[in-house]
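Listed in order, the protein sequences are those of chains A and B.
Mapping of the first sequence onto UniProt numbering: residues 1 to 279, in sequence order.
Mapping of the second sequence onto UniProt numbering: residues 1 to 406, in sequence order.
In case anyone wonders, no lab produced these hints; they're calculated from the structure.
All values reported here derive from a predicted model rather than from experimental measurement.
Please note that a few of the clues may not be correct.
Simulated coverage check for chain B against chain A, where a stretch passes if three residues somewhere in it have a Cβ under 8 Å from a Cβ of chain A [to be verified]: (1) 18 to 27; (2) 30 to 38; (3) 322 to 333.
Which chain A residues face chain B? A few, computed with CB under 10 Å, are given here [claimed, not checked]: (4) Ser56; (5) Ala155; (6) Leu245.
Beta carbons: idealized from backbone N, C-alpha and C, even for Gly.
Listed here are the chains, written in short residue letters.
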Amino acid sequence: MTARMDTRFATLKAEGRPALITYFMGGDPDFETSLAIMKALPGAGADVIELGMPFSDPMADGPAIQLAGQRALKAGQTLAKTLELAKLFRETDKDTPIVLMGYYNPIYIYGVEKFLDDALACGIDGLIVVDLPAEMDDELCIPALEKGINFIRLATPTTDDKRLPKVLKNSSGFVYYISMNGITGSALPDPSLVSGAVNRIKGHTDLPVCVGFGVKTADHAKAIGAAADGVVVGTAIVAQVAGSLSKDGAATADTVSAVATFVRGLATGVHAARLVAAE
Amino acid sequence: MNQAATPNSFRSGPDEDGRFGIYGGRFVAETLMPLILDLQSEWEKAKTDPEFQAELASLGAHYIGRPSPLYFAERLTEELGGAKIYFKREELNHTGSHKINNCIGQILLAKRMGKTRIIAETGAGQHGVASATVAARFGFPCVVYMGATDVERQAPNVFRMRLLGAEVIPVTAGNGTLKDAMNEALRDWVTNVDDTYYLIGTAAGPHPYPEMVRDFQAVIGTEARQQILEAEGRLPDVVIAAVGGGSNAIGIFHPFLDDPSVKIVGVEAGGKGLDGEEHCASITAGSPGVLHGNRTYLLQDGDGQIKEGHSVSAGLDYPGIGPEHSWLADTGRAEYVPIMDHEALEAFQTLTRLEGIIPALEPSHALAEVIKRAPKMGKDEIILMNLSGRGDKDIFTVAKILGMEV
Ligand SMILES: Cc1ncc(COP(=O)(O)O)c(C=O)c1O
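Construct all of the structure, not just a fragment, from the sequences and the given hints.
Given below as structure tokens:
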């Protein structure tokens, strides 16, 4: 495996705080702006970056991420360009883990072998592919693990104890617990339910368990961070991009700073999480 | 096309992972995985449960009106001067198309599984109407997702669904057609996992849907095979059906797949022509990819982004095709050909005038292929075509194209 992911989670564990994992859409609203957003994330407090690969048919996403993908595709984003974003980011940041997140078809069409080689060369540390459940591990998960790229699995409330071992079997990096059944951008679940679910998963794995879906504010991040090894924020970040655009959908001078300021706020929440937990 | 080995039987698929060769599979989000595994195990039980089969057969006979007739199209045959043409008249079913065969089967499963809410996607509205119908019959609330473009061009069906008590939700994402409706139905399903049954309308989607929908539709081919043997004492030379997602086609094809003398022909929507972007010929002009839970032929660009198709017929306006058809195409067992919008429109009028049957625009594509082939065949040869639906829903679309007022 690439070392960055494990190193990062080990460091955070030593510091005694959860990770802030930030999702944004590659190429939204255009290539250059999204590169600037990506470069600004670590400084604003992101510990792990999820780089969204746009897809025409994002079946598990709510309106905000659907629209972000449409903006990116309209601006000419492709999988090759998303890999290019990672490569350019790596020129100045050698430490922040990058996880590609999206759907399988663009990878399948790119060619699995070539994709994995190029992803490794561009400094990618992990993959989250929404429509590849454990039953489909031969497609991409096994080849990725063989090349040393983490395959991060989603666990959901429908993943019961009987199914968890199957889901966790070929997982690496961290486990992404989707805290409610639904599409991205849904409402925040009850943090007390989340902590029970995290503990349930931890009973089956030593991997860090990170939680996402519905986290929109620093307070949410703090509450979820108290119960998990990491907090994933996506829709709310994508919404910052959307809110900063001009009427015709172009980036403005505020786009990058809107995201950075927002992420800084989330980081404050995440950093305070364990203080709450210790109380 | 991809090369595939010739199997001993063309009727044994899919394997236990839901694959037909490289096609099919279960490409869904983890949230849905336990649901489709549940569905599969319930379907396995129902398949061999005599009580389930008896209820299915009884509703088939008394509610749908099965068996549907096999009809010798005498005047069309005379006019074309070649092969004898037979129609399997699925347009005479309750609700006016083959879609009801599948809906009755799945609603019985939903009931068995203790689900209390039905969702469905629809293109032409035929599957939406059939879903709303069985939901009314069994007392389930029903939500139908329909592309906004289709809501407009299939207004009579939208009204029928609402009359039947279904909620029709227009989907504006993408181009507002069938693929977008299916995305939205999947989003509903991941959100409402406990009580909701997703009633997919065609032989596509994640395993076990392609197999299950095929089995519910195979009644078409099973009946037709017996009926043609009774009428002619032999099997047809060619079986032809239109292919949207592929349910009426696989339904009539499947019982004939191991009869090597029977040629199998699927007709895709050629739209305004294959050289442009405005068509839905996934097999003829697409390539294998992964969408809506299965690997199959898709219309897509070089980056794996799915294209929006076009067809004059809303029911064929889907950029994919059921996985079993992809496999049948690769193995060479079935042949898939495109028919253009204008050819389908001509065939629509021909049948109306010659036989007094107004076909839906979807089977009008199959009919156009029949009209091309029959004259080149001998008078002792036989073509069997699936007349999958009636055209009442399409009269406004056709009137507009022909410049007539309704
Ligand atoms: C009458 C009719 N035939 C065919 C189709 C195409 O669907 P399938 O390919 O699943 O049979 C439709 C779809 O709406 C239809 O209404």
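Results for each hint:
With 3 residues carrying a beta carbon less than 8 Å from a beta carbon of chain A, the segment 18 to 27 of chain B meets the three-residue requirement, and the given coverage holds. A stretch counts as covered by a chain when three or more of its residues have a beta carbon under 8 Å from one of that chain; for the segment 30 to 38 of chain B and chain A the count is 6, and the coverage holds. With a threshold of 8 Å between beta carbons, the proposed coverage of the segment 322 to 333 of chain B by chain A is violated, since 0 of its residues qualify and at least three are required. With its C-beta approaching chain B no nearer than about 4 Å, Ser56 (chain A) sits inside the 10 Å limit, and its interface hint holds.
Because the smallest distance between the Cβ of Ala155 (chain A) and any Cβ of chain B comes to about 7 Å, under 10 Å, the interface hint for this residue holds. Interface restraint check for Leu245 (chain A): the shortest CB-CB distance to chain B comes to about 19 Å, outside 10 Å, so the restraint is violated.
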